[in-house]
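Participant: Sequence:
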Amino acid sequence: MLRRIRISVLIFLLLLASCGGSDEDGEEVDAEGAPFRVAIVMPSSTTDIAWSQSMFDSLTAVQTEMGGEGALKIAYSEGMFRVTDASAAIRDYAAEGYDLVIAHGAQYGNSVFEVATDFTETSFAWGTSSDTGADRGINNVFAYGAVANEGGYVNGVVAAMLSENDVIGVIGPVAGDAKLYIDGFVRGVTDVKPDAQVNISYTGSFSDTTLAAEAAHVHIQAGADVLTGSAQQVVGAIGVANENGVAWLGTQSDQISLGPDVVVTNQIYNWANVIADMIAKIEAGELGGTAYRLTFKNDGLRLEFNESIEIDDAVKEAARAAIEDIKSGAVDPVLIEEDDE
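Numbering (my numbering), first residue to last: 175 to 515.
If you're looking for bench data, these hints aren't it; they were derived computationally from the structure.
Glycine included, every Cβ here is placed at the ideal spot set by N, Cα and C.
It is possible that some hints are incorrect.
As the list claims (entries may be wrong) - Restricting the straight-line Cα-Cα distance to at most 27 angstroms, the calculated cross-link-like pairs of lysine-lysine (DSS-like) are:
1) Lys367 with Lys455
2) Lys353 with Lys490
3) Lys501 with Lys367
4) Lys455 with Lys353
5) Lys471 with Lys490
Claimed, not checked - Quick list of the computed label-pair ranges, beta carbon to beta carbon:
6) Glu243 with Asn339: 45 to 55 angstroms
7) Glu417 with Glu338: 16 to 26 angstroms
8) Asp435 with Ala269: 46 to 56 angstroms
9) Ala488 with Ala450: 35 to 45 angstroms
10) Ala396 with Glu270: 45 to 55 angstroms
11) Glu481 with Phe255: 27 to 37 angstroms
Modelling step: build the complete structure from the supplied sequences, incorporating the hints.
Facilitator: Next comes the structure, spelled out in structure tokens:
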């Protein structure tokens, strides 16, 4: 009798193993193991049509490519403008055993390194930065950033060709990461029209749409007939551009939905290849140490025209030529300061 019981238990265990188990959330997983788990902490929302959405859209694209939630599970915390809140979220995700925790903001760097030293078997990533912490003996942190001046340069070329007043307005958040895009933009404008006037204003905020709207009004009153800007704040500026029929050149995400009749181009950040490479490295046992950069050459940056707007073929051709020149190295989209000449 005892022999029969042992055999029955053995058969039951074999059947259970062949059917798979469930993860800590009760979701069924196959015998090969649980899905790869990624958590992301973002300063704004997944639908900000700018910085945060660019990463979230890329994550979901990788999830689809991998086969859905059964292969890649995504958790996120949005609206983490307060660094203390973000830091707590980063630590919580690490404690919960996520394979990769992405801190999507340069302001989160100190928090990432602090938590990474406490959870050495967890991988972390943060941007925009090239600092992986290797010089401090940290080996479980990835870094990433976009060479935004490349798309900025091409948008600048387009702006110069579109502008009839030769007055162009730029709305930045704070003079930090955003300056890279703005510098490239100014270089693109001046390479086409050296005498064009590019007026730049910083709102001092990534998220204040009201300040961005006010800045857009000021630029238009000063004669600007083309505008650009970056960060989550641009929702307000694009609204003003739309009301006044002023062309807008976007960056980070597709912003056409905010101004279907005025958004001419978008420099789009595509983080999918970066995310996929991080996952592959982690699964191979490499927990960090790589710094990634989005460029036109590696398809991390894309410039897309609004196909619903009639745009002169010469403008499109100039943009394509500028992209190819950047890829080949014939054009360096770095702003040449007067003091450097």
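Participant: Quick one: are Asp435 and Ala269 within 46 to 56 angstroms, going by C-beta?
Facilitator: The hint (46 to 56 angstroms, Cβ to Cβ) holds, given that Asp435 and Ala269 are roughly 48 angstroms apart.
Participant: Would the pair Lys455 and Lys353 pass a check requiring their Cα atoms to be no farther apart than 27 angstroms?
Facilitator: 31 angstroms, violated
Participant: Could one say that the CB atoms of Glu243 and Asn339 fall in the range 45 to 55 angstroms?
Facilitator: 51 angstroms, holds
Participant: Does Lys490 sit within 27 angstroms of Lys353, going by the straight-line distance between their CA atoms?
Facilitator: Holds - the C-alpha atoms of Lys490 and Lys353 are around 25 angstroms apart, at most 27 angstroms.
Participant: For the pair supplied as a hint, Lys471 and Lys490, confirm whether the alpha-carbon distance does not exceed 27 angstroms.
Facilitator: 18 angstroms, holds
Participant: Below or equal to 27 angstroms on CA atoms is what counts here, so check Lys501 against Lys367.
Facilitator: 22 angstroms, holds
Participant: Does the Cβ pair Glu481, Phe255 satisfy 27 to 37 angstroms?
Facilitator: 35 angstroms, holds
Participant: Regarding the pair Lys367 and Lys455, is the alpha-carbon distance no greater than 27 angstroms?
Facilitator: Outside the cut-off at roughly 45 angstroms; violated.
Participant: Looking only at beta-carbon atoms, does the pair Ala488, Ala450 fall within the given range of 35 to 45 angstroms?
Facilitator: 37 angstroms, holds
Participant: Does 45 to 55 angstroms hold as the CB distance between Ala396 and Glu270, or does it fail?
Facilitator: 51 angstroms, holds
Participant: Determine whether the Cβ-Cβ distance between Glu417 and Glu338 falls within the hinted range of 16 to 26 angstroms.
Facilitator: 19 angstroms, holds
Hints 1, 4 from the earlier list are contradicted by this structure; the remaining hints agree with it.
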